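Asker: Spelled out, the chains give:
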Amino acid sequence: MDETVAEFIKRTILKIPLNELTTILKAWDFLSENQLQTVNFRQRKESVVQHLIHLCEEKRASLNDAALLDIIYTQFHQHQKVWDVFQMSKGPGEDVDLFDMKQFKNSFKKILQRALKNVTVSFRETEENAVWIRIAWGTQYTKPNQYKPTYVVYYSQTPYAFKSSSTLRRNTPLLGQALTVASKHHQIVKMDLRSRYLDSLKAIVFKQYNQTFETHNSATPLQERSLGLDINMDSRITHENIVEKERVQRITQETFGDYPQPQLEFAQYKLETKFKSDLNGSILAEREEPLRCLIKFSSPHLLEALKSLAPAALFSRIQKLLCYSASHSQGTQDLSSYVPLYTRC
Amino acid sequence: MEQANPLRPDGESKGGVLAHLERLENQMSRSRKQSEEPQSVQAQERVLGTKIQKLRHLRDDLKAAVRHRRGSVKACIANVEPNQIVEVNEQEALEEKLENVKAVLQAYHFTGLSGKLTSRGVCVCINTAFEGNLLDSYFVDLVIQKPLRIHHHSVPVFIPLEEIAAKYLQTNIQHFLFSLCEYLNAYSGRKYQADRLQSDFAALLTGPLQRNPLCNLLSFTYKLDPGGQSFPFCARLLYKDLTATLPTDVTVTCQGGEALSSSWEEQRASHETLFCTKPLHQVFASFARREKLDMSLVS
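Chain order of the listed sequences is D and Y.
Oh and the first sequence: position 246 is 246 in full-length UniProt numbering, straight run, nothing missing.
Oh and the second sequence: position 19 is 19 in full-length UniProt numbering, straight run, nothing missing.
Calculated directly from the structure, the hints in this document are not laboratory data.
Accuracy of the hints is not assured; some may be wrong.
[As the list claims (entries may be wrong)] One-sided excerpt, in silico: chain Y residues whose CB lies under 10 Å from chain D: (1) F139; (2) V155; (3) F158; (4) C181; (5) N216; (6) K240.
[What the hints assert, rightly or not] Computed footprint of chain D on chain Y; a stretch qualifies when at least three of its residues, placed anywhere within it, have a C-beta under 8 Å from a C-beta of chain D: (7) 87-100; (8) 117-127.
Since we're looking at a predicted model, the values are computed, not measured.
Heads up, the beta-carbon is just placed ideally off N, CA and C, and yes, glycines get one too.
Turn these sequences into a full structure, and let the hints steer you where they fit.
Answerer: Take a look at the structure:
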């Protein structure tokens, strides 16, 4: 086994926390059951790693096997990377997409290898019709750097791919081209969506964030929730502004739904608006040109934060602002179309 | 005091005068009394008479009131029982009706396309089926506004929902729904065939089934006699029509690579035709039957 490969595997295994080690090794499926049983996982981590490297050497792990282990590690630790979303498009009147995974893999690899002699490409398919691609970049003269790979998660027969953002930006166009040609699309465009949480990005992009639907089979229609007032409370005590509070809650529920929100960390809107003023002769209102500004929201969990604004009675203002900005925002991508929650006015 | 007097006339007069006066006085008082008595008596009588009448009236009124009360109480008691029974019967009838209606609404699922009104529009449910088997359900929640729009849905990403919506949603919603139904039913049917092949006829496959999300490209190798010496066949099924459950292009090749004998060539061609005309799992079912038949013939 190559020294670089051994070093690479060692560093990868060292990254894995001990409690996940057996799960990940089983998913890797490179070392057999028997071999794994010979390892004492209760030792100090370094000893465990040494033992595992030894077993890998016995089995002659290749660079591809090592890359596969790296993919599995990343799949378990998706949140450590920031993911960008790319959308591809076909020309008009294209044929039906007869996606052939083998063809795709071959084509993708060939395009990259033709452009850059030194590149390591590995694939791992998952059950949800997605393929994880790992690319380690080199140049014409240097070997691929296995420690700064780029990951792409492509959902076959959809126009979407998710790419881990990396510092090596110069390879992005090539990657885009390889992806587009291999998947038989024409164009690729980066969307204005970015997150650590692949699931949330998927939910937004595939519009799968709310999977509860009203049917005649369901026992009860969407219930109106009580405002948290106990039935046990004295009926003589009433809430101030109960009508207003109920209205706010109803709008919140209609806009956000009952399901867990996708985890957005920030949203950015370009706003172009004219200023309206009551006072005559206000400088801002007299402008011919509309005002252009950039509004940025950020939060560890943006949608949940907005949802909780409603009871704080700031909701209507935020909603108006977002609706207004959504209908007026310029730029290539309108976030509101991916978060249709906000297109309600 | 009367004296017996010989001389009567005088006697009568003097002693008689006073007495006479007395007698007259008495007479007068008596007559007055007599005339008074009936008056007072009459008055008293009258008074008493009216009192009696009043009391009689009162008695009659009270009697009537009592009778009325008793009557209404009786009526109440009498009415409560039959009313309760009527109510219970009505309630049961209503519940039965409700159950019936619910059952009918649920049964609409079997038509393949059903819907339920929501607060902002309608939630359409598409139930797919293939060969009489009820398969997955998909939902499209529509908001009825000036541009009709889809609020959210459970249609898989690889179904061209946006294309179909762009073509038909605003102009002809019926066409939109039927077109979507077509795509989804075809997809479900293809998926069903691929799943059945993988689960029921794994013995006849010599390698894993290669498929894609839309199940419109299937590639597999199979053998007619699993343990036997025959060469495996490679089949590649393309479903270019996404609204169909049968492939549009089928290529069957023999993995041996050597020149095929004519019988193999015949078989290969017949397999190609079979895959084009019959659902995948049925073709394999016929293979399995033939195999059993052959085995039974041999033994």
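Asker: Output the numbers, in ascending order, of every earlier hint that fails for this structure.
Answerer: 4 and 7
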